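Visitor: So you can see what is in the structure, the chains are spelled out below.
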Amino acid sequence: MHVLLCEDHDLIASGIVAGLAAQGAVVDRVGTASAAEALLKAAHFDVMVLDLGLPDVDGLKLLKRLRQQGYALPVLVLTARDAVTDRVAGLEAGADDYLVKPFDLRELSARLHTLLRRMAGRTVNRIEHGALCHDPSSRETWLNGEVVELSRREQALLQALLQHKGRVLSAEQLKDSVYGFGDEVESNALNVHIHYLRRKLGNGIVETVRGLGYRLGPAATCEQVQP
Amino acid sequence: MSLRVRLILILGGAFVLIWALAAAWMFRDLRGQMMFSLDQRLVASARMVAGLVQQLPQPLRAQDGERISADQASIPDGMACKVSSLRGEILATSHQGVEAALGEEGGGFHDQVIEGEHWRSFTLSHGDVRITTADRQQEREALNQSVLLAASVPVLVALLGSLCVLWLGVGQGLAPLNRIRDALTRRSPDALEPLLVRPLPAELRPLVDTQNQLFLRIGQAIERERRLTDDAAHELRSPLTAVKTHLQVARMTDGPAREAALANAEDGADRLHRTLDQLLLLARVEGRLAFEENGGCAVADVARLAINDTSGGDARRIEADVADGTGQAPLGVPLTLAVAALRNLLDNALRHGGKEHPVRLEVCREGQHALFRVRDCGPGINEGELAHLTERFWRSSHSQGCGLGLAIVQAIVQRCQGQLEFCPMPDGLQVDLRLPLEGQASA
Chain U
1 MHVLLCEDHD LIASGIVAGL AAQGAVVDRV GTASAAEALL KAAHFDVMVL
51 DLGLPDVDGL KLLKRLRQQG YALPVLVLTA RDAVTDRVAG LEAGADDYLV
101 KPFDLRELSA RLHTLLRRMA GRTVNRIEHG ALCHDPSSRE TWLNGEVVEL
151 SRREQALLQA LLQHKGRVLS AEQLKDSVYG FGDEVESNAL NVHIHYLRRK
201 LGNGIVETVR GLGYRLGPAA TCEQVQP
Chain B
1 MSLRVRLILI LGGAFVLIWA LAAAWMFRDL RGQMMFSLDQ RLVASARMVA
51 GLVQQLPQPL RAQDGERISA DQASIPDGMA CKVSSLRGEI LATSHQGVEA
101 ALGEEGGGFH DQVIEGEHWR SFTLSHGDVR ITTADRQQER EALNQSVLLA
151 ASVPVLVALL GSLCVLWLGV GQGLAPLNRI RDALTRRSPD ALEPLLVRPL
201 PAELRPLVDT QNQLFLRIGQ AIERERRLTD DAAHELRSPL TAVKTHLQVA
251 RMTDGPAREA ALANAEDGAD RLHRTLDQLL LLARVEGRLA FEENGGCAVA
301 DVARLAINDT SGGDARRIEA DVADGTGQAP LGVPLTLAVA ALRNLLDNAL
351 RHGGKEHPVR LEVCREGQHA LFRVRDCGPG INEGELAHLT ERFWRSSHSQ
401 GCGLGLAIVQ AIVQRCQGQL EFCPMPDGLQ VDLRLPLEGQ ASA
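Chains as they are written, first to last, in our numbering: chain U, 1 to 227; chain B, 1 to 443.
Heads up, some of the hints might be wrong.
[As the list claims (entries may be wrong)] Beta-carbon label-pair distances, calculated as ranges:
1) B/Leu-228 to U/Arg-87: 17 to 25 Å
2) U/Arg-87 to B/Asn-212: 30 to 38 Å
3) U/Asp-82 to B/Arg-186: 49 to 57 Å
[Said to hold, decoys possible] Computed from the model, here is a short list of chain B residues facing chain U with C-beta under 10 Å:
4) Arg-226
5) Leu-228
6) Asp-230
7) His-234
8) Leu-240
9) Thr-241
10) Met-252
11) Gly-268
12) Gly-287
13) Ser-396
14) Gln-414
[To be verified] Away from chain B, derived, C-beta distances all over 10 Å, residues of chain U:
15) His-9
16) Gln-23
17) Leu-73
18) Pro-102
19) Leu-116
20) Trp-142
21) Glu-146
22) Glu-154
23) Lys-165
24) His-195
25) Lys-200
26) Arg-210
Hints listed in this document are in silico derivations from the structure and should not be mistaken for laboratory results.
Given the structure is predicted, the values throughout are model-derived calculations rather than measurements.
Even glycine gets a Cβ: it sits at the ideal position worked out from N, Cα and C.
Chain B on its own, in the form it takes in the complex (with noise of 0.2 Å):
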């Protein structure tokens, strides 16, 4: 049911409840006082006509044949009237036939049915006649459905005015929220601008600005998405199309072309094969998926490991330094993504750090964390590529990496509530990760 239905119902619903018990008391008044008015008038008229029959000259005598016409005594239409003595001639009648049967013995007010007819009669004992008036109930009831007709008209007239205003109002009342639901529908059910709505009342103002920065939030994270999914393809197609072509090479050639080729081939294979591993690695670690271990390997396993998987040049230009004491300090970190968070950083390192120079890792304790400080004489970052090292397929002009490698270690460290931090050295760049020993964070 809409919401204009439901307003007209339960305020139209409560108006014409409410006119109508009026308009019913109010009826209920009007004819208890419309019977006291008539029943007045029998009283007045019988006055008067007690009156008239004092002033005539002589008092009435009974004549046979000969009566005050009724308008000698001025009878008002309608309303019988019969002048009789207290013995029970009858003096004078406006009305033939009915008059013999009207009144009573008693003076006052009485009910009777004469001829089928029901008449109200009042008679009046004034000296030596008794004056009886009476009307029809039938006239009294119709100048009473007269009157309340006369009264219901404006009655009904204003209810049906009131329900139209009530219909309008609402309408209008409720036309904003129309607005924003045309607004709604126009839309293709994918569309994320946002919605304009206006003027808007200030209730519904902080529902569509609401709507307007989720549409606008859903839209950057769609375009976001749907670059990382263009990065994503674009990564795994550089290696592949470099295979493809070399395949395709090897076979329209021979010799050591056909060898170069193959060669290549398998170089650009094994490129693929590590762009898939870090985006499973990344998938999983940003995916909150399960790692096997807990934690609880030690410092020193890690730099092992990690040195030992390198793959970003030549590892024996790394120069490890475990600090005394930190070697057998259990780490509160997965190994493999301690291993692996290491790893990138130390290939980086290799990779950027110039051929010739070596590469630093210094691991040491810091409080509650252990440091793991890898530090490179390469050319450096500039502070313009600094906010974008930890970006996913973000990479420096020159490298040749799949530009993942860093957004591991950062989603790594913010998992396992880790630190990275750079920093730009005159000579090249210090890369200080900081891994939470166990007993102080949860993986």
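The shape of chain U in the complex, shown without the other chains (with noise of 0.2 Å):
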């Protein structure tokens, strides 16, 4: 899960920058809206979650203005204010949820799972798929009902396949749900990762889509695999 997080207090930044990393998301920090939008035009996101007191432009206003331009992706709201008001105002601007502050970062991490669950459609956090069970909250994925122990850049590599069940996802796209937008990626690093997943879920899990990336692959393969 590549998290943009768009807060200006710093202490509550770095606060959620550890605990969403701590709960295995990727997390890339901005202070302002500008950087915000220069930040979503360079990478690609899963969610966003926006403070609305951002010293540049009012947080609603960038909300707007990111529908405007077309991005879908779900966007949790967090404030300090409380009015009923204030948080209609969120939701009609193109929240897709909303906290207030101070929030717990276990109850932030389940809300922008269950938002990325329900942009896929899924009604259960648990995702299946064939005899691979992975469940992006806990953390834990079950092949044939065994616990496999995946680091945490083969988490994220394996839930954004999961999450794009189907489609081919570009090297870049991959990388940026493993990285965050200013890690040190090595050349060859998903690749190793992508070695690594074969390797302990099977050759077929990620196939190869030659010039355009990878995807994740037919369901089928994986119960005849015994890694």
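Quick one: dock chain against chain with the hints and give me the complex.
Guide: Below you can see the structure in the form of structure tokens.
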């Protein structure tokens, strides 16, 4: 899960970044609306956490502008204002969810997962794919009922593939899901993670689409896999 | 009692009373005139009969059983007439049975009771005959009654008509008041939009206009308070969120990450503490709560304590310069307030004045005031920001302060009759704080 955090308060931002990272998310933080727009153009994000009290542009205005520009990514609005009118204004501006400060980091994470789940059209958190089963919230993966240990990056990679079942994801998109914007990434890092993922979950889990990228392999192949 | 009922009771009561008195007066006169006219009729009839009797060919003789009938004498209905000789012989009579008793020896008017009936008679002696005309009191009264009745109907109709017109007129006259009342009852109790009642008479327009201005002012005040509460909630929730978030991170992680999270949580708690202190101070200053000291503290002490209390940056950057002879001058402001005001100015200067540049504090005496001049070499502020500087919870976009510092200074200055002046400089900002010396002001 690649999260764009737009929050001007340094202390709160560092807490959210550390907290979401500890729960397996990849977080990029910006402090202004203009930086958020720039980053959205530069990389792919799964979800956005937006604080309304930004110093340059009001958060709601930014949200409206993003929706007008066609950004469909789910947005969770954070605010210290809890009046009903504020909340309604937030939802009307295009927010998908709303959290009032102070909040619980686990709740924030759970809500972000729910937003992603809804985006993918699922009703339960757990993603099943043949013999493979993955829970994005608890970050656990099972193959034929057996727990499989995956590293943080492998988790993120698997999640991105499962989230976009059947769609081809470019190497760039996958990298965005696994690494933050500022992370130093070696050129073959993605291949290394895909290699490990195939070794742990079977060769068929990731299909290479030549010249385009990668996609999740068909469910049937998993059943035949015995890692 | 409603205004309408009151007006109608007062005006209607007066109407009825005046009309009743006028009617009573009229009826009394009418009755007098009526009786007089009926008496005149008796007199006229008697004279007429007397004239007729004289024109008869031979004088009347008393003839047994042969008398002039009433028809012959042309006597009007209901009126009795008797012609008798001076000796008392009845020569002619209109009514059998009563003639013997009718009339008196002397002439003129008489009231008599004959066979249980009241009569009024007039007797006229003319030549050798005596003529008596009479009518029944009962008939006179009946005639009188019918005339009075005829006269009273228009009076009553006019009175009722006036009362109706009064009722309608008062209602019409009070209609604007009713419209205002209806408009007020239709409003919800916390509605603040202006009353729209048109057209209004000139007397009521100022009332509604004043009311609307009041609504407007209350609305603005409520909106301002709501914004302030919102802002206060925001300012308190932000550091609280930071504390809570970092404590949760500390629980999720270990090693250096945990240490960093705990340090951040403490940082957040400090900010929360500062914001709370500032909010409470502002509430105390604006709420006119008394401070323990009453002033008398030396200017130099205020400067020293304020520099000690600064938290906006390295206090060693402050270069203080207290002019000769000013240091021991006593301020007419409670120590807490003077120190808080100066400390907030110094904090701002340290925060925005650039890390490398010094902050200058000059203290001197200026008339009856002590002048504290704080000068920083930061980016300064532009004209647009100048107007917002002392607003509560306003802060420049990059500031990490809580937005209350200068609002507090402003509140203190207002409370203590001091002055606060911002002078943007090409290379920074100069703030002049003037506080009254002892004996010049009361805080």
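Visitor: The structure should be examined with respect to each hint, and the outcome stated for every one.
Guide: So, going through the hints one by one against the coordinates:
| no. | hint | verdict |
| --- | --- | --- |
| 1 | B/Leu-228 to U/Arg-87: 17 to 25 Å | holds, 20 Å |
| 2 | U/Arg-87 to B/Asn-212: 30 to 38 Å | holds, 32 Å |
| 3 | U/Asp-82 to B/Arg-186: 49 to 57 Å | violated, 32 Å |
| 4 | Arg-226 | holds, 8 Å |
| 5 | Leu-228 | violated, 13 Å |
| 6 | Asp-230 | holds, 6 Å |
| 7 | His-234 | holds, 4 Å |
| 8 | Leu-240 | holds, 5 Å |
| 9 | Thr-241 | holds, 4 Å |
| 10 | Met-252 | holds, 4 Å |
| 11 | Gly-268 | holds, 5 Å |
| 12 | Gly-287 | violated, 25 Å |
| 13 | Ser-396 | holds, 9 Å |
| 14 | Gln-414 | violated, 28 Å |
| 15 | His-9 | violated, 5 Å |
| 16 | Gln-23 | violated, 7 Å |
| 17 | Leu-73 | holds, 23 Å |
| 18 | Pro-102 | violated, 4 Å |
| 19 | Leu-116 | holds, 20 Å |
| 20 | Trp-142 | holds, 23 Å |
| 21 | Glu-146 | holds, 26 Å |
| 22 | Glu-154 | holds, 20 Å |
| 23 | Lys-165 | holds, 30 Å |
| 24 | His-195 | holds, 29 Å |
| 25 | Lys-200 | holds, 25 Å |
| 26 | Arg-210 | holds, 41 Å |
Checked against the numbered hints listed earlier, the structure breaks hints 3, 5, 12, 14, 15, 16, 18; every other hint is satisfied.
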